[in-house]
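Enquirer: Given the coordinates of chain R, work out where chain X should sit on it, guided by the hints.
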Amino acid sequence: MFGIVLLALLVVVVLFAISAYNRLVSLKNQVANAWKQIDVQLKRRHDLIPNLINTVKGAMNFEKQTLESVVAARNQAIAASNTGNVAATAQAETVLTGALSRLLAVVEAYPDLKATSNVSQLQEELTATENKIGFARQLYNDTATQYNTAQQTFPTMLFAGMAGAAPATLWEITDEGERAVPNVDLSLGTPTR
Amino acid sequence: MSAAGNLFAQQEANRKASRRLIAGFILFVAWLGFGGDIIWYLATRNSPDGGGVHVFPVAGLLMTVVALGMAWAGYRFGPTMLMSAARAREIETPSTDEERRLVNVVEEMCVASGVRRPRIWIVPDDAPNAFATGVKPVDAHIAVTEGALATLNRDELQAVVAHEMGHIANYDVRLMTLLTALVGMVAVIHNVGFRMGRIGGRGRSRSKDSGGGILVVVLLVLWVISWILAPLITRLMVMKVGRSREFLADAMSAQYTRNPGALADALVKIGGSNVKPRAIPKSSAQLCIADPYHSKWDDREGRVANLMATHPPLRERVKRLREMAYQDQGMLDNLQSPLSMSEA
Chain R
1 MFGIVLLALL
11 VVVVLFAISA
21 YNRLVSLKNQ
31 VANAWKQIDV
41 QLKRRHDLIP
51 NLINTVKGAM
61 NFEKQTLESV
71 VAARNQAIAA
81 SNTGNVAATA
91 QAETVLTGAL
101 SRLLAVVEAY
111 PDLKATSNVS
121 QLQEELTATE
131 NKIGFARQLY
141 NDTATQYNTA
151 QQTFPTMLFA
161 GMAGAAPATL
171 WEITDEGERA
181 VPNVDLSLGT
191 PTR
Chain X
1001 MSAAGNLFAQ
1011 QEANRKASRR
1021 LIAGFILFVA
1031 WLGFGGDIIW
1041 YLATRNSPDG
1051 GGVHVFPVAG
1061 LLMTVVALGM
1071 AWAGYRFGPT
1081 MLMSAARARE
1091 IETPSTDEER
1101 RLVNVVEEMC
1111 VASGVRRPRI
1121 WIVPDDAPNA
1131 FATGVKPVDA
1141 HIAVTEGALA
1151 TLNRDELQAV
1161 VAHEMGHIAN
1171 YDVRLMTLLT
1181 ALVGMVAVIH
1191 NVGFRMGRIG
1201 GRGRSRSKDS
1211 GGGILVVVLL
1221 VLWVISWILA
1231 PLITRLMVMK
1241 VGRSREFLAD
1251 AMSAQYTRNP
1261 GALADALVKI
1271 GGSNVKPRAI
1281 PKSSAQLCIA
1291 DPYHSKWDDR
1301 EGRVANLMAT
1311 HPPLRERVKR
1321 LREMAYQDQG
1331 MLDNLQSPLS
1341 MSEA
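Quick note, the sequences are listed as chains R and X, same order. If you count the first sequence from 1, position 193 lands on 193 in this note's numbering, and the numbers rise without skipping. In this note's numbering, each residue carries its 1-based index in the second sequence increased by 1000.
Next comes chain X alone, as it looks inside the complex:
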């Protein structure tokens, strides 16, 4: 009925989709690890030489440890490494009008979201963009490029900052750090495993009686195929989770600012910009408000491109935001308080 109702319904739908994806992802990775243990257990259960030698799930636990290690490294060093890679400078006390406006906008969004004030950074890059990092809301960072400060008006900047606050409030950065660690773990084990398989495969003599029957064989084939495809599948799944979180953050931005039209306008400006980013590392594209390496905002909407994209197509995001604003931009602008219309 109301704009807010539509908005919270979108948030709930996004959360549900995201939860399902994450559950699927974790189940898949668990199958890669513990599935192997189960197959081995089933295969060796009836063999005469030491039945059930493999009761303890070695492979699964090993993978868990590797994944935890990678996640810890991401937690510990991720945010600081990213900021120095982007050559960002932190604003401690604002000195120019532009910086003051940014600090104020961030603080306004802190009030709106109830999140603690993140540290604020400016990235020396003329391409308009913004990103958030930090694994927990009490130690979060928001970075905005100089290009964004120059091209976006106050309301648009506010909407962009609100999107990033949404990522922080949703623990998205933590989630993506964790999932990326899982992908890295799968990639590492995949590489090591296949190299060892190539060396050891020839010398190994196949034992004739695995003793598990048809079920074991089917499971084993499935498991091997899963491992062959694992790096690709896990990567695609993380991309999908990331895209679902983008929609959620858009909806959060609309909740905080109650001005989804401003985010739509900002996305059109960011997507329409022809400036090539210099400072933002390619690896952190998924953290930005829109993929900075999209050359044009409407030419990457094929099915294959969608699978590998870090962000949903801008056109779709803008469309959803306009729906939240009931497309009625004119009316929305009139509802703004006279004070928020004044721009620097």
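Excised from the complex, chain R in its bound form:
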């Protein structure tokens, strides 16, 4: 009788260990996949920019500086992603995000330009890509948090070493400018005092 109970207990423990181990490995792969998704979206953004520039170029000759800064930022981002350095990539992408949002703000100021369907399409594409980059980061951070939590909580923590689990780094905003709260100025010119 005692033997049977002991055996049953052993079986339960082994099953438990297997499921904990598998959960850790599956989470680890999910984290790696989520990281790749960010890459995919960044690449898509790089491919989209020449299109955008070609469309708006003719109508915005006098906004050359804005366009050039976008092109420069794109080239830098591509160069950074080719090196494979994560911190440098994040830095360059942040610059590109800033340049793009300035360009979109400028486009808003040209109603004629906005009215052409090509530009509105591109604007939609760009909005979608920017959102996807954001959501890809969000997914990565969520998955990485789950993975890290599993490694730190009982009982999965007991098998972290066996599953070769190491804490995953969350994607953080590196640029101070992006982290800063937007400064909203609500004053109407001269203060009425």
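FYI, nobody ran anything at the bench for these hints, they're computed from the structure. Among the clues, some could well be false.
As the list claims (entries may be wrong) - In silico DSSO-like pairs for lysine-lysine, Cα to Cα no more than 30 angstroms straight-line: (1) Lys36/R x Lys1136/X; (2) Lys1319/X x Lys1240/X; (3) Lys43/R x Lys57/R; (4) Lys1276/X x Lys1319/X; (5) Lys1016/X x Lys28/R; (6) Lys1136/X x Lys28/R; (7) Lys1136/X x Lys1016/X; (8) Lys1319/X x Lys1016/X; (9) Lys1240/X x Lys1269/X.
Expert: What follows is chain X alone, placed relative to chain R:
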């Protein structure tokens, strides 16, 4: 502490409630089938003519087979039948700005949820609504009505699509297909059984010594009562599971978009719409984001109405979403990136 914490806590609570309901449902159906076998076994165990004739659980296994058959049919034909019933057209390559926006929004939510891109359909219906179908995430479908594309802004459309992606990621459609099959099985056997009972009941002579004693009699009475009420009870339980999954999908939408306020706004718009749906079949109301046959969004909150509803009251859903957003709509809108504010 954080909005996300509140959100994941809600998800966990919803999952727990849903698991309990499903377990209860399965136990009830098992009692209907295998319970009968046990009673028969107990009753015939001590009878002189062949003790324990009924060791093999015939009734339970028969019900299992019928249920499996119905579930298989639901798996196999459900999604395609639904899409053709709703006269939906699939978007393969988007041709208008509206279609492109929908495709982009769906793809964004795929990135956010990590689910594979579902097939996208537009339903020619002016009533704003959306539904998802497909029994597994690799073969899923999302359908949005023309009314939804026209009335919802980009953020709201995104929240609605995220709710449907939540259903897909949770395997809700599979679950509901399975539970609906169980309900159908119970209904079929109930009908057949009672018809046979009426014909055969008169001729049958009651054997005096069932030989099981008081326990068997009590069990038998309980079992018969269960069968009499079974169609109603199973239906109510499925409704309840469906409603708990709606809350879960709302919370999933908030997880994907981090913008629960947008879903609340969308629900208010959908619920406040007076347009009567034409294309969405009544039988698939439970798959929609909100019951399309609700005439007004705040007049069906009685206790009885709640029991039979396919969806939780919109007011309650909106309230929970606003809680996730800490009611502070203004602050939430300011936190949006400037890019996501641009609307077509």
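Enquirer: When the hints from earlier in the document are held up against this structure, which numbers fail?
Expert: none
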